[in-house]
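J.: One letter stands for each residue in the lines below.
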Amino acid sequence: MDFSVFFQPAFSGGGIYLDWVLSGIKWTLLVSILAWIIAFTVGSVVGVLRTTRLAALRAPATVYVEVFRNIPLLVQMFIWYFVLPEIVPESMGDWMKGQMPMPEFWNAVLCLGFYTASRVAEQVRSGIQSIPVGQTYAGLAMGLTGPQVYRHVLLPMGYRIVIPPLTSEFLTIFKNSSVALTIGVLELTAQARQISEYTFRTFEVFTVATVVYVLITLAVTVAMRALENRVRVPGYMGSGK
Amino acid sequence: MFADFDFDVISRSMPYMGEGMLFSLGLTFLSMIGGIFLGTLLALMRLSSFRVINAPASGYVNLTRSTPLILVIFWFYFLVPLAMKKISGDAYATGIGPFYSALIAFTMFEAAYYCEIIRAGIQSVPRGQSDAAFALGLTYGQGMRRVILPQAFRNMVPILLTQGIILFQDTSLVYVVGLTDFMGAASKVAQRDGRLVEMYLFAALVYFILCFSASYAVKRLQAKYNFGR
Numbered sequence: 001m002d003f004s005v006f007f008q009p010a011f012s013g014g015g016i017y018l019d020w021v022l023s024g025i026k027w028t029l030l031v032s033i034l035a036w037i038i039a040f041t042v043g044s045v046v047g048v049l050r051t052t053r054l055a056a057l058r059a060p061a062t063v064y065v066e067v068f069r070n071i072p073l074l075v076q077m078f079i080w081y082f083v084l085p086e087i088v089p090e091s092m093g094d095w096m097k098g099q100m101p102m103p104e105f106w107n108a109v110l111c112l113g114f115y116t117a118s119r120v121a122e123q124v125r126s127g128i129q130s131i132p133v134g135q136t137y138a139g140l141a142m143g144l145t146g147p148q149v150y151r152h153v154l155l156p157m158g159y160r161i162v163i164p165p166l167t168s169e170f171l172t173i174f175k176n177s178s179v180a181l182t183i184g185v186l187e188l189t190a191q192a193r194q195i196s197e198y199t200f201r202t203f204e205v206f207t208v209a210t211v212v213y214v215l216i217t218l219a220v221t222v223a224m225r226a227l228e229n230r231v232r233v234p235g236y237m238g239s240g241k
Numbered sequence: 001m002f003a004d005f006d007f008d009v010i011s012r013s014m015p016y017m018g019e020g021m022l023f024s025l026g027l028t029f030l031s032m033i034g035g036i037f038l039g040t041l042l043a044l045m046r047l048s049s050f051r052v053i054n055a056p057a058s059g060y061v062n063l064t065r066s067t068p069l070i071l072v073i074f075w076f077y078f079l080v081p082l083a084m085k086k087i088s089g090d091a092y093a094t095g096i097g098p099f100y101s102a103l104i105a106f107t108m109f110e111a112a113y114y115c116e117i118i119r120a121g122i123q124s125v126p127r128g129q130s131d132a133a134f135a136l137g138l139t140y141g142q143g144m145r146r147v148i149l150p151q152a153f154r155n156m157v158p159i160l161l162t163q164g165i166i167l168f169q170d171t172s173l174v175y176v177v178g179l180t181d182f183m184g185a186a187s188k189v190a191q192r193d194g195r196l197v198e199m200y201l202f203a204a205l206v207y208f209i210l211c212f213s214a215s216y217a218v219k220r221l222q223a224k225y226n227f228g229r
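For the protein sequence lines, the chains are A and R, in the order given. Quick note: the first sequence uses the numbering used here, first residue 1, plus one each step. Quick note: the second sequence uses the numbering used here, first residue 1, plus one each step.
Careful, some of the hints might be misleading.
To give an idea of the interface, some chain R residues facing chain A are shown, with a C-beta separation under 8 Å as derived from the structure [what the hints assert, rightly or not]: (1) L63; (2) P68; (3) Q169; (4) S215.
Calculated lysine-lysine pairs in the DSBU-like style (CA-CA distance at most 35 Å, straight line) [said to hold, decoys possible]: (5) A/K97 <-> A/K26; (6) R/K188 <-> A/K26; (7) R/K188 <-> A/K97; (8) R/K85 <-> R/K188.
Think of the hints as simulated: they come from the structure by calculation, not from any bench. We put the beta carbon where it would ideally sit given N, CA and C, even for glycine.
Using the sequences and the accompanying hints, generate a full structural model.
T.: Spelled out as structure tokens, the structure:
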């Protein structure tokens with residue numbers, strides 16, 4: 001094993017191979033965190049819609065979840081990147097093909113965000129549905145409107161309940177961000193493969209990439225556990241742990 | 001938008017796409033069996049009270065579960081040929097072919113996920129069951145095989161099948177090493193004929209129909225037999 005490979009001058013770009021690794025980490029984090037913002041926002045809305053009593057709101061949310069959950073991420077990535085510019089109105093398609101800044105990056109973010117949103121939606125829905133229905137009745141009886149019941153009663157509790165499964169969705173988004181390499185985003189896995197092709201130091205390079213992913217997992221797990229403790233409602237579920 | 005949609009490219013590439021689908025299904029089926037088998041062993045190891053047994057299993061599972069599948073595929077494409085050279089002692093051993101390399105990668109990767117499902121399944125069997133088995137004089141192996149695992153697996157059937165559907169979707173990632181699974185076939189036809197829109201939408205539709213009906217069937221099965229009670 002010879003980790004000095006990372007300090008050798010890189011094939012191109014003027015730096016050393018360590019710079020490639022760092023740039024890969026940067027893109028992995030950027031894609032994942034931006035996609036998570038989309039996933040959390042869209043997922044929360046879709047998840048809430050799935051719990052409403054209005055079929056006209058529930059149906060599109062259900063279709064959304066089923067469509068995005070039952071098509072592999074790789075296929076969705078190709079659809080965002082290759083298919084979408086062809087089937088949107090022509091002027092927009094031309095913009096996507098010509099002027100759009102960093103099309104690989106933004107398509108990867110949107111794809112991963114909307115894909116993960118379907119999974120977040122399922123968690124949010126199960127969190128809301130696990131709250132005893134008496135709490136909704138109590139809220140309504142106190143004169144809150146439907147949206148106010150969600151805002152002040154269901155969501156504050158529902159989000160707390162689903163922190164552990166949301167943590168694992170958040171971890172999954174970092175791993176799934178590697179699929180972005182198929183449309184040309186040079187994130188960590190892509191950089192690892194690229195360095196190993198130039199240097200044949202496959203073992204060392206893949207080891208470093210794996211360690212970075214493990215560190216990301218550890219960091220996220222610790223942060224989410226801290227968040228869980230911080231927002232814990234005293235005397236309610238799991239506070240003894 | 002569908003004005004110049006070329007349906008013919010789909011029908012004329014059907015046989016090739018069919019072969020790709022067989023590859024995907026075969027890879028899914030075999031790695032599911034391998035994954036469940038290895039996953040059971042890992043789960044039993046993780047539940048052992050001996051540190052020398054549970055520590056390596058926990059380490060493997062946690063490491064694999066924090067690594068992206070694509071990186072795991074790359075790892076095994078690199079390691080399997082090396083291992084073959086070591087085992088056969090032949091410096092020019094040619095490996096075992098792309099299908100088996102992919103099969104090993106998916107089996108090893110999925111085993112970590114199946115391990116966690118199976119571990120939860122075993123833990124869901126009431127403690128009294130294993131106490132009763134030991135009280136009857138069954139050994140650990142007999143108790144597991146005849147009392148605990150049958151009950152655990154009965155509870156786990158739906159979630160094991162759901163994981164199988166996820167695995168089927170994941171097999172599309174063999175694209176990164178150039179294999180011709182269903183998605184690989186679609187993308188090769190798409191690039192050869194310049195028909196990306198048709199082929200990728202068709203692939204999406206096929207995956208959707210298969211995965212949607214499979215998860216619907218799992219839901220029905222779960223309701224019908226009231227698994228987990």
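J.: Hint by hint, say whether it matches the structure.
T.: Comparing the hints with the structure gives:
With 8 Å as the threshold, the beta carbon of R/L63 comes within range of chain A, its nearest partner Cβ sitting at about 7 Å, so the hint holds. Annotation: R/P68 was flagged as interfacial toward chain A, and the flag holds, the nearest CB pair being 4 Å apart, inside 8 Å. Interface hint status for R/Q169: upheld, as the beta-carbon distance to the closest one in chain A is roughly 4 Å, under 8 Å. Given hint, R/S215 at the interface with chain A, holds; its Cβ is 7 Å from that chain's nearest Cβ, closer than 8 Å.
Among the hinted pairs, A/K97 with A/K26 is consistent with the structure: their alpha-carbon atoms are about 25 Å apart, no more than 35 Å. Between R/K188 and A/K26 the alpha-carbon distance is near 31 Å, which keeps this suggested pair within the 35 Å criterion. With a C-alpha separation of about 22 Å, the suggested pair R/K188 and A/K97 falls inside the 35 Å cut-off, and the hint holds. The suggested pairing of R/K85 with R/K188 holds, with an alpha-carbon distance near 32 Å, which does not exceed 35 Å.
The structure fails none of the hints (numbered hints given earlier).
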